[in-house]
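Protein chains in written order, with the numbering used here: chain X, 171 to 455; chain H, 171 to 455; chain V, 171 to 455; chain C, 171 to 455; chain U, 171 to 455; chain D, 171 to 455.
Rather than coming from a laboratory, the hints here were simulated on the basis of the structure.
Note that identical chains are pooled: a pair holds if it fits in a single copy or bridges any two copies.
Pairs of lysine-lysine residues, derived as DSS-like cross-links and limited to a Cα-Cα distance of at most 30 Å, are as follows:
{"hint": "1", "residue 1": "K397", "residue 2": "K225"}
{"hint": "2", "residue 1": "K225", "residue 2": "K348"}
{"hint": "3", "residue 1": "K348", "residue 2": "K397"}
There are 6 protein chains.
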Amino acid sequence: MLDSLQQKIAPDNHPAQHDPMVGHRLTEEPYFRAIGDEVNLFEAAHRLRLPMLLKGPTGCGKTRFVEHMAWRLGLPLVQVACNEDTSASDLLGRFLLNRDGTYWVDGPLTSAVRHGAICYLDEFVEARQDATVVIHPLTDERRTLLLDRKGEVIQAHPDFHLVISYNPGYQSEMKRLKPSTRQRFVALDFDFPPTSDEIEIVAAEGGVDPALATRLVDIAHRSRQLKGNGLDEGLSTRVLIYAARLMRDGLLPLSACRLALSTPASDDAEICTALQNFAEAHFSA
Amino acid sequence: MLDSLQQKIAPDNHPAQHDPMVGHRLTEEPYFRAIGDEVNLFEAAHRLRLPMLLKGPTGCGKTRFVEHMAWRLGLPLVQVACNEDTSASDLLGRFLLNRDGTYWVDGPLTSAVRHGAICYLDEFVEARQDATVVIHPLTDERRTLLLDRKGEVIQAHPDFHLVISYNPGYQSEMKRLKPSTRQRFVALDFDFPPTSDEIEIVAAEGGVDPALATRLVDIAHRSRQLKGNGLDEGLSTRVLIYAARLMRDGLLPLSACRLALSTPASDDAEICTALQNFAEAHFSA
Amino acid sequence: MLDSLQQKIAPDNHPAQHDPMVGHRLTEEPYFRAIGDEVNLFEAAHRLRLPMLLKGPTGCGKTRFVEHMAWRLGLPLVQVACNEDTSASDLLGRFLLNRDGTYWVDGPLTSAVRHGAICYLDEFVEARQDATVVIHPLTDERRTLLLDRKGEVIQAHPDFHLVISYNPGYQSEMKRLKPSTRQRFVALDFDFPPTSDEIEIVAAEGGVDPALATRLVDIAHRSRQLKGNGLDEGLSTRVLIYAARLMRDGLLPLSACRLALSTPASDDAEICTALQNFAEAHFSA
Amino acid sequence: MLDSLQQKIAPDNHPAQHDPMVGHRLTEEPYFRAIGDEVNLFEAAHRLRLPMLLKGPTGCGKTRFVEHMAWRLGLPLVQVACNEDTSASDLLGRFLLNRDGTYWVDGPLTSAVRHGAICYLDEFVEARQDATVVIHPLTDERRTLLLDRKGEVIQAHPDFHLVISYNPGYQSEMKRLKPSTRQRFVALDFDFPPTSDEIEIVAAEGGVDPALATRLVDIAHRSRQLKGNGLDEGLSTRVLIYAARLMRDGLLPLSACRLALSTPASDDAEICTALQNFAEAHFSA
Amino acid sequence: MLDSLQQKIAPDNHPAQHDPMVGHRLTEEPYFRAIGDEVNLFEAAHRLRLPMLLKGPTGCGKTRFVEHMAWRLGLPLVQVACNEDTSASDLLGRFLLNRDGTYWVDGPLTSAVRHGAICYLDEFVEARQDATVVIHPLTDERRTLLLDRKGEVIQAHPDFHLVISYNPGYQSEMKRLKPSTRQRFVALDFDFPPTSDEIEIVAAEGGVDPALATRLVDIAHRSRQLKGNGLDEGLSTRVLIYAARLMRDGLLPLSACRLALSTPASDDAEICTALQNFAEAHFSA
Amino acid sequence: MLDSLQQKIAPDNHPAQHDPMVGHRLTEEPYFRAIGDEVNLFEAAHRLRLPMLLKGPTGCGKTRFVEHMAWRLGLPLVQVACNEDTSASDLLGRFLLNRDGTYWVDGPLTSAVRHGAICYLDEFVEARQDATVVIHPLTDERRTLLLDRKGEVIQAHPDFHLVISYNPGYQSEMKRLKPSTRQRFVALDFDFPPTSDEIEIVAAEGGVDPALATRLVDIAHRSRQLKGNGLDEGLSTRVLIYAARLMRDGLLPLSACRLALSTPASDDAEICTALQNFAEAHFSA
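Construct the entire structure; sequences and hints are all you get.
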């Protein structure tokens with residue numbers, strides 16, 4: 171009877187007994203539009219398994235790019251959105267307790283290292299110092315991960331590839347990559363796509379015609395000039411797609427712009443008004 | 171015998187075995203009075219499942235609006251009042267211990283994601299960074315929630331819709347939505363209702379006649395002009411309803427105003443006197 | 171055998187199996203002397219179950235008033251002296267561990283909500299933010315308490331009434347009620363009683379004749395003028411009663427004043443001397 | 171077999187099964203020399219069970235006085251040296267875990283309240299806020315102690331008497347008794363004893379003749395004038411007794427003074443030299 | 171049956187039952203090129219077991235040197251990358267819980283002390299104070315390690331040798347070795363290798379011809395002159411090898427330089443441009 | 171079977187069942203050279219069991235002196251290197267968990283108090299406040315130690331003697347002995363030994379002839395004049411012995427000086443050069 175009880179609990183407590191990469195494999199090709207040679211460069215870094223750093227503003231497509239590369243390379247993708255409370259344990263795993271004592275549950279990084287996934291640590295500079303340091307032996311010749319709590323050293327799966335990202339325009343003085351970490355990576359710079367590409371993306375993902383997409387991208391360009399003048403970040407491609415979808419769904423363009431662009435962008439009433447004025451200039455005529 | 175003991179404990183320890191949304195379904199229609207096209211816009215965002223941000227001052231009706239929309243859409247509503255101690259675990263859930271080891275209890279966000287509720291995170295900017303970040307994969311194409319402690323990735327129920335709110339007039343410099351979070355939402359601005367609407371609300375909810383409600387709303391309007399001059403927030407619609415109910419219950423108007431309006435509003439004696447003077451101007455004649 | 175062992179432990183670990191309000195019912199009427207219409211106003215707020223805030227200086231009788239109201243209304247009274255370490259768990263309850271795993275023990279607020287008591291949270295502004303926020307759904311239409319750790323939503327007992335207090339003259343800038351909390355309460359201002367009332371209270375509770383009580387109250391009045399000039403608070407009615415009892419017990423008046431009034435009131439030697447001079451002016455002649 | 175195992179562990183884990191006041195009863199009369207009417211005043215406060223506050227510098231005899239009063243009144247004495255890490259749990263007690271789950275162990279304050287001891291909380295202002303607040307219901311009419319973790323309310327034993335102390339000359343701005351705590355106590359001021367008394371004490375406790383004691387007390391008097399000029403506190407009676415004992419044990423007076431007085435008193439070389447010069451002025455001639 | 175279950179778990183929970191130094195022995199000779207007499211000096215310190223401190227910039231080869239020495243001396247090498255969260259427990263070990271209660275798992279330092287490894291604590295100044303202090307008795311005549319949680323004193327294995335490192339050019343004012351720690355070590359200064367050595371290393375490890383390696387090293391030299399002028403650290407030998415490998419893999423030299431040298435080195439656009447200009451000066455002609 | 175299992179675990183979990191002072195008894199006489207009357211004064215303090223404070227710079231021989239006194243007095247010596255994370259629990263002990271629940275493990279101070287050792291708390295000012303306060307009742311007439319978590323009061327073994335130390339030249343303003351702690355100790359000042367003594371020590375412990383030792387001591391003297399001018403502490407006797415041993419082992423004198431004296435002493439290149447210049451002045455001629 172104890173056995174059956176144990177089994178009833180097991181699926182919940184021992185998810186790793188199944189394919190541990192379930193939920194990390196992409197089941198359909200994500201939409202992606204290359205801007206430059208980023209696919210090429212990522213593939214080169216991947217062939218040599220050089221750890222990869224992606225730099226760029228919020229919502230410019232870093233995550234989408236990594237998803238595309240995982241799909242293209244046929245690898246599972248383990249993603250972690252790092253924050254100032256992300257500790258080494260959050261990446262490595264921890265001991266849990268069951269009837270027979272403690273047992274170990276791999277964290278996302280350990281899973282990726284063990285089973286050969288791309289591990290994407292988003293906003294990595296936000297993580298705590300101890301999280302930063304655990305990746306060091308993964309990023310040099312050793313390609314090992316030390317689970318110090320278990321006394322286990324894992325040799326990375328040949329397919330394992332580490333990718334981190336951050337937004338260099340937003341990070342504070344306190345939160346920077348230390349040189350000893352930084353010099354373990356090769357890096358790609360990301361930015362918002364060129365106008366024609368962005369129009370095509372908004373049209374394709376928002377389901378609207380290019381003329382409407384053009385107007386939205388133009389609003390975004392004007393917003394990006396406000397950056398630093400009351401706006402932390404210009405409007406991202408993502409929110410343009412939001413606005414496009416709301417219009418396609420039947421909302422009036424000015425309502426859609428207010429809902430998706432000008433109201434969420436800032437808490438400063440003047441900024442919000444300025445953004446809505448951009449929208450009126452494009453849509454009320 | 172152990173089995174029966176276990177059963178005696180189970181109801182307490184495994185409340186989720188029943189309908190987990192019990193207590194989250196509204197059993198009667200909440201009073202609500204629309205001011206503009208907010209119902210329309212919410213429904214558009216809901217159809218596309220775009221994450222929704224509500225901005226506005228204390229007691230202006232944001233919570234009531236979300237309750238109304240949950241009732242209208244026939245969805246359960248899971249509410250969390252966030253604060254500076256709200257962590258990712260408070261939203262996601264945690265492991266508890268019983269005789270057979272640890273077992274998992276879903277937090278409010280996980281419950282809503284799993285069972286298809288509207289999840290309303292009130293005063294979301296107050297929450298800790300790690301709580302802020304867990305909603306990211308819920309707010310883009312993925313609509314997934316990662317329970318990193320369990321190694322489980324949950325695909326959101328089709329009905330799940332995320333709504334957050336905060337009061338932009340009150341939050342500190344330290345507590346702001348980061349652009350990488352902000353640009354995942356569409357937003358609605360809330361404010362106190364227009365005079366005629368507010369009078370109708372106070373009369374209806376306070377159970378008093380419109381003439382008396384008019385006098386209370388007028389006091390509130392005068393108080394809102396004191397905002398920033400010693401008063402953090404003007405008198406809310408909610409406290410006007412308190413005063414109205416006390417009067418209907420038989421209290422003298424000036425006593426009711428002192429009890430519900432002028433004494434609680436501030437700790438500055440001059441402000442309290444000014445507010446009570448407004449009341450006397452309306453009620454002692 | 172295990173069963174009997176369990177029973178031996180149970181009384182200690184499961185005190186809630188008995189009447190959980192034992193120890194919270196007042197067994198004799200507390201001494202109380204009304205100053206104005208505070209009883210009337212409290213009863214009005216109680217009929218509508220409007221959350222009640224009491225403001226006033228240390229030792230002016232707020233606690234005594236709540237005890238009186240609980241006695242008058244025939245309700246149990248659950249008191250919590252809040253401080254800067256008071257967390258939500260301290261109010262809500264927590265899981266403890268026994269042989270069969272964890273079990274839940276209601277905190278004082280949960281007990282009061284469940285069993286229909288007046289819950290008096292003294293010095294509520296001192297409590298931590300997460301404690302402040304848990305009372306929100308208790309103070310609006312919902313009258314619910316969310317035990318997030320258990321996933322339980324409690325509908326408040328019809329008799330439940332929430333009362334909080336603080337001392338507005340003492341709280342720091344950092345510790346203030348946020349408007350979103352403040353505007354959920356009706357409020358009463360407390361202060362030291364008028365002279366004739368205070369004399370009667372000191373005589374009655376201290377067991378001395380009115381002439382002696384008059385001299386003590388006069389010392390207190392003079393001390394209260396020193397407030398802000400080296401003295402954080404003037405002498406309270408409580409310490410006058412201490413001095414009166416010491417005199418009735420046979421101590422010389424000047425010794426009693428030194429012991430109960432001038433030495434404890436301050437660590438500033440000049441202030442202590444000034445207070446003892448007041449005493450000498452009244453008692454050494 | 172399990173039973174006997176349990177018993178082997180029990181004495182260690184359940185010390186409270188014996189007389190819980192063992193180790194807290196004074197087995198021999200401590201040396202004490204009254205300076206003024208402090209014994210009288212303490213007895214008056216004790217008869218009325220008024221909480222007692224002792225103020226005075228380091229090493230002036232506060233602890234010795236409380237020991238004397240406990241001996242005189244025939245009561246056990248529970249002492250706690252408070253510090254900035256002293257929490258409510260340190261005073262109240264905590265749950266420990268054994269084979270059958272958690273069980274409660276009374277902390278020192280709870281022990282004293284339950285079994286009728288004098289509880290002496292030394293340097294009470296150093297303790298954390300939550301520790302400060304737990305004594306409130308013990309210090310008014312209620313004389314109750316709330317063990318919130320257990321849900322138990324203890325009515326204080328009739329003999330229980332609370333005594334706290336601090337050094338007003340040393341405490342920082344941050345560490346002060348709040349008025350709401352302070353006005354619950356009667357207070358006695360302590361200082362170093364008058365010259366003739368201090369000489370007698372040093373002679374009696376140090377085992378030296380009055381002439382030698384006189385010289386030591388004179389050095390102390392001169393050191394106390396340096397207070398604030400590089401010396402946090404003047405030499406205490408305790409260290410004079412140390413020096414006296416070392417001399418009686420055969421050490422040269424100047425060596426004893428260097429060892430017990432001038433070297434430990436400060437880390438400032440000039441102050442140490444000044445103190446040793448005082449010693450040379452008295453002993454090298 | 172429980173027994174077999176236990177055994178199934180044991181390998182995971184008791185890794186120390188096997189050769190505890192597995193995973194810490196170098197299985198192939200690491201590439202290493204001596205620059206001066208560092209091998210000689212390390213061997214002298216090792217013969218006397220004098221604790222060794224290595225100082226030098228990021229990526230200049232300290233880790234590689236220690237690996238070489240471990241290989242040369244035939245000793246296992248236990249490495250710990252210290253960070254600001256590294257505590258004594260992280261080095262010493264901790265108690266874990268299984269079915270029979272707690273059991274101890276040696277931390278990396280304890281393992282090395284017990285089994286006779288070189289223990290290399292990288293970036294040791296980053297570790298917490300308590301971690302710093304545990305090595306003291308290991309670094310004097312005693313050569314003991316105190317496991318205070320276990321009450322065990324370990325005499326170091328005769329082969330045990332302690333090596334620590336840090337980067338003196340990067341550490342903050344707050345993070346410095348205290349003199350009481352510093353004066354327990356002998357020390358070696360490391361820096362980037364001389365030009366001809368660095369060219370040879372880049373050619374050998376990057377798999378490129380010396381002419382190409384020369385150009386890369388020249389870029390690095392120019393970058394190192396920017397140190398302090400916007401660049402925390404000049405380009406390390408490691409990233410030169412990255413660039414070399416990417417070129418050998420077929421990437422255009424300027425793409426490889428952008429990917430491996432100029433983009434990762436800094437978040438300052440001007441610095442990145444300056445570095446890429448160096449690359450263009452060497453590769454575009 | 172349970173019994174045997176228990177026994178297998180016991181040696182590890184109950185080390186105190188053997189002689190708890192094993193590992194704390196000195197098995198051979200440590201090298202020690204008295205400079206003044208410190209042995210005499212320590213013995214006087216020990217006879218009266220007066221708590222002893224040793225003040226002096228890093229590496230001047232305080233630890234060696236205490237070891238010598240323990241050897242001389244035939245007492246076990248329990249040493250604790252305190253740091254800013256040292257808490258009361260680290261000194262007193264803690265509860266651990268095994269199959270039968272929690273059991274207590276004495277900390278180093280408790281062991282010494284119970285079994286009659288000299289307890290040497292090195293760098294005591296670094297410890298946390300709660301650790302500072304637990305020694306108070308050990309340092310006056312009571313000579314008791316309160317294990318508040320166990321509710322146990324231990325009367326110190328007659329042989330127990332408390333010794334603490336710190337470096338007055340290095341401690342910060344924040345880390346000072348409070349007067350209420352300081353005035354419980356007698357104190358000895360330590361400094362580097364006089365020239366002739368230091369030469370003899372270096373020659374004896376380093377195994378070199380007095381002429382070579384003289385040159386090393388001369389370098390140290392010159393370094394100590396740099397203290398405060400870029401050097402936190404002058405070269406200690408310990409590092410002179412390191413250098414001497416390296417020379418005896420065959421290293422060139424200048425290499426030995428660089429390895430043991432000039433490189434480890436500072437991270438300031440000019441200071442290191444200055445120190446190495448001192449070495450060259452003595453050894454290169």
